[in-house]
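Enquirer: Letter by letter, the chains look like this.
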Amino acid sequence: MIIRLSKITKVYKVGEDRVHALGGVDLDIEKGQYVAVMGPSGSGKSTLMNIVGCLDRPTSGTYELDGHLTTDMSSGELARVRNEKIGFVFQSFELMPRMNALKNAEMPLVYARNGWLWRHKRAVAALERVGLGDRMKHRPNQMSGGERQRVAIARALINNPSILLADEPTGNLDTKTSAEILALFGSLHSDGQTIVMVTHEPDVACHARRIIRMRDGLVQSDLPVEEDEVYAHAARPAAREAS
Amino acid sequence: MAAVRVALAIVRLVFQSAVLALGQIWANKMRSVLTTLGIVIGIASVTGVIAVLTGLKAKVLADFETIGAKLMHVFPYWPETGPMRRAHWTRIVLLPEQFDGLLENCPSVECFTRMIGFGRGDTARFGDRVIEGVDVMGIEPSWHKVWNRAVTDGRQFSVVDDKERSQVCLITPDVRDRLRLDRECVGQSIIVGALSFRVVGVVEPPAQMEVFGGELGSKLEVLIPFRTAYAHGRWMHVFALAKSPSVADEARAEISFFLRQTRSIKPGEPDTFRIEVIARVIEVFNKIAAIITSVASGIVAISLVVGGIGIMNIMLVSVSERTREIGLRKAVGARPSAILLQFLVEAVMLCLVGGLIGLAGGELLTLAFSKGTKNLLEKAYIPGWAIVLSFGFSAAVGLFFGMFPAIKAARLDPIEALRHE
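Residue numbers (the working numbering), protein chains in the order written: chain A, 1 to 243; chain B, 244 to 664.
Check the hints yourself; a few may be wrong.
Claimed, not checked - Here chain A is said to cover these stretches of chain B; the calculated rule only asks that three of the stretch's residues, wherever they fall, bring their Cβ under 8 Å from a Cβ of chain A:
hint, region
1, 561-571
2, 578-586
3, 654-661
Bear in mind the hints are in silico, worked out from the structure with no lab data behind them. Note that the Cβ used here is the ideal one computed from N, Cα and C, for glycine as well.
Okay, chain A solo, but in the shape it has when bound (with noise of 0.2 Å):
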């Protein structure tokens, strides 16, 4: 089990007012899942996966990380945990403009205990992993959306992390750049890469092998791609083409 979620609360205070984001939830992911978390604005899944990526601290509730308890970490190990054991790809890339593919890709290395070392290397090898292996020179603005996100997911896997982390990964993206983001991701899945993706689209969800809506700050559903809706209303099914 590399993720273990129980009985996680959220609650934001927004004035005098206390917001229930997240009201108990319980959630296990297995190593090498593809989950798709998906539920409108509000649903609380942007709570939980900043919950699950180590950034946010539940109110209450354990969440343990590839057996480890991560709610009695300290910022300082929790800020380790986010750069060993995940991997966060974004909406909007957040690459650093002024540097080439290869320097982004290696930012995490730079905070890394051992990442001084062959890290020119492991950013080439993640680079080439992602496809693009002729391009590392380039910089964020010399490149189209869809070798920005490819550039955003090498860094997310440089080092090697147990989850990859995507908020809204092809929310950037036109139809056929997303299908080849959503591929690689497929391909990452069959390599064993463990990956939580936060969607809102169907077409894109449908990608995923286990689908989890959220609503009102609770699980509403947790099912196998094929017994959720989104696989019989997607427009193109990939998941169902590849198998």
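Using the hints provided, position chain B relative to the given structure of chain A.
Expert: Same frame as chain A, but now just chain B:
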């Protein structure tokens, strides 16, 4: 082993932060340079001032080398306490015979000369040529040795000149030339004040002491025998030369002891004269230099504070502009301390760049001073300690004023930061 690893990791982070910071500075060249202006001006002015003072000091020391640190000036002085405090000047004035036998009693004294100065402002005439502002002094032959100024044409005063109070004089080349005397002027007579003096020789002009505006010797000098001068004025003083700079203080004590005897000053009563070792002037100069330095430092401190606030301002802008970057860095595993370090190093680098430009400016100022003032400040240079100090202060300003923005950056919440537009 663990300590070594931690140290290495810190060095690595500092190095990477420095590289990043240089990239940032390079990317915002104009902004960076404008931001550091306060520091540039501060460092340029302080190094300039230090260079000028260093040059002046070198000059003063060089000037003193020409007369040596052996010279002592003995002159009458009203004591601050005791019955002689309000004594009539005739009781305070030095008398020539009080110095008789001084050399025998003061083994550290090489030689001395009694002197009478009439102050500047005498006129000298030769035919229809008149010059004003001539310095007339009564001297003894040992004056040439004390001041290290030889007679180039003609002769020194003889014992006879002194005894007979002859109306003879030695003149400087400037007096000769301005009065249009012959090149071989010995034997010609000039009129000083209302008296006629026959020129017996030409004496070397005084070594120029630019620092004191030629205070220790004017170029227009007419020297007459001491006894001749003493007939016209009684306010005599003495210059003495110690055998070496190292015994200057002994010589001073010996003269003091000797004079107290010849002037019959009772034990416990204060001196009615003073002996100043001229080398002390250097100490005075050092004090003045220290005052100038501290005033300049005050101005520089203000300028550095202003500059530092500029740095803080631009770093706050930078933190705000790069909020998303900070969020991302935190997301991929940067600890708050790493972010703090990154922005702190950036502020320090910014200040060091400012310090470097300021130092270049100071060097230019120094160059301008040394070329622009002929030989007065030719020895002006920025000493090594001033360079180290400049960089030290720049770095300190960066550290101090960069701390607040860096803490702000380090405390950013990664989720908020990544949402920042």
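Enquirer: Against this structure, judge whether each hint is valid.
Expert: Hints versus structure:
1. 561-571: holds (count 4)
2. 578-586: holds (count 4)
3. 654-661: Coverage by chain A holds for the region 654-661 of chain B (3 residues, Cβ < 8 Å).
Of the hints listed earlier, there is not a single one the structure fails to meet.
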